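S.K.: What follows is the residue order along each chain.
Protein chains: 2
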Amino acid sequence: MKRITILLVAVAAVVGIVAYMTCASGQADKEAAPIFVKEIPPGYRDWKVVSVAHEAGDLNDIRVVLGNDIAIKAYRDGKLPFPEGAIVGRIAWSYVSSEENNKSFGRDQSFVAGLPTDFYLQFMVKDSKKYAATGGWGYSSFDKDGKPTDEAVMKKCFPCHQAIKDRDFVFTRYAP
Amino acid sequence: MKRITILLVAVAAVVGIVAYMTCASGQADKEAAPIFVKEIPPGYRDWKVVSVAHEAGDLNDIRVVLGNDIAIKAYRDGKLPFPEGAIVGRIAWSYVSSEENNKSFGRDQSFVAGLPTDFYLQFMVKDSKKYAATGGWGYSSFDKDGKPTDEAVMKKCFPCHQAIKDRDFVFTRYAP
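Going line by line, the protein sequences match chains X and W.
Take the first sequence: its letter number 163 is residue 162 in numbering that gives the first Met the number 0, and every next letter is one higher.
Take the second sequence: its letter number 100 is residue 99 in numbering that gives the first Met the number 0, and every next letter is one higher.
In case anyone wonders, no lab produced these hints; they're calculated from the structure.
Worth double-checking, as some hints may not be accurate.
Pairs count within a copy or across copies, as identical chains cannot be separated in the list.
Think about it this way: if two alpha-carbon atoms lie no more than 20 Å apart in a straight line, the pair counts; the simulated PhoX-like pairs of lysine-lysine are [stated by the list, open to error]:
no. : residue 1 : residue 2
1   : Lys-72    : Lys-155
2   : Lys-128   : Lys-154
3   : Lys-154   : Lys-102
4   : Lys-37    : Lys-143
5   : Lys-146   : Lys-129
From a predicted model like this one, the values you see are computed outputs, not experimental measurements.
Make a model of the complete structure from these sequences and hints.
M.R.: Shown next as structure tokens:
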């Protein structure tokens, strides 16, 4: 009876250790290497408008946030979380004063979209399984030549988006 | 012979006066009552993006410029003048600071779309015949309730757009 008890304890200990290691290893993998999206979604320039924004400071851009049909439907229905396949994208152009417009308005008031910025295109792709480590969203970012942003920078996406976990990690609200 | 001459002069004078009056009346009609568009084009919120802008000053808005399929094709093909049926639209929201975004960025830099402005929706509809008096474009403007802007204000559209006659009266350039 004593031998069986010792054996069971030993087995339980081994199972426990293996289980712990698997879990820890899984976490380490997720933290060390979240999966980023490396492809620009085709046709994004035809997508519908979610909203617009101006980021001053270092970014100094003017931007439009777009959604593919799945994302736009979810936005318009006011349904969260976003369904699988939803993609929210944004295009950022440098924020430039328009001399031409100012002349017509008779005052310096007009700021328009200039050239693409270093973080020209960014997308969030919803796939709960594939991107489970980052809230079900895969993040991507590209410069004007379609070159993906460095992974060191990309690792900042999810921590920042966690601030709005209650809106399924999506900052931008649908503009009326 | 003298009588005939006098008669001809008199007839010519009358014809001349009538012709002058018709022309003046035609001009007066065009100037006094250009044709404005009173209907919001259906489905405009689904249109593709031309560009974005921020108007400071009294307008204090952030806006997106959209085009129907005819307008977008012309923009992308770089073809001027815009073909018949092209519609260029813009939606303007109040320009508001986003406390939520600023918190995440760690600085006050984020400005987003708020509520619709008094000049929420504006459109230019291309119909060379119907709107011949205003460069082939019919202008429209609506508040958030869909109420057309006063005609006294609308009369300022075309004179202002004449500044960019060489781009077929359309200010906004297509953003890359």
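S.K.: Against each hint, give a clear statement of whether it holds in the structure.
M.R.: Outcome of the hint check:
Taking identical chains as interchangeable, the C-alpha atoms of Lys-72 and Lys-155 are never at most 20 Å apart, the minima being 28 Å within one chain and 38 Å between chains. Within a single copy, Lys-128 and Lys-154 get their C-alpha atoms as close as 19 Å, which meets the 20 Å cut-off; across copies the closest is 57 Å, which misses it. For the homomeric pair Lys-154 and Lys-102, the shortest alpha-carbon distance between copies (19 Å) is at most 20 Å, but the shortest distance inside one copy (44 Å) is not. Taking the shortest alpha-carbon separations for Lys-37 and Lys-143, only the intra-copy value of 14 Å comes in at or below 20 Å, while the best inter-copy value is 40 Å.
In this assembly of identical chains, Lys-146 and Lys-129 lie within 20 Å of each other by CA distance neither inside one copy nor across copies; the values are 22 Å within and 48 Å between.
The earlier numbered hints that this structure contradicts are 1 and 5.
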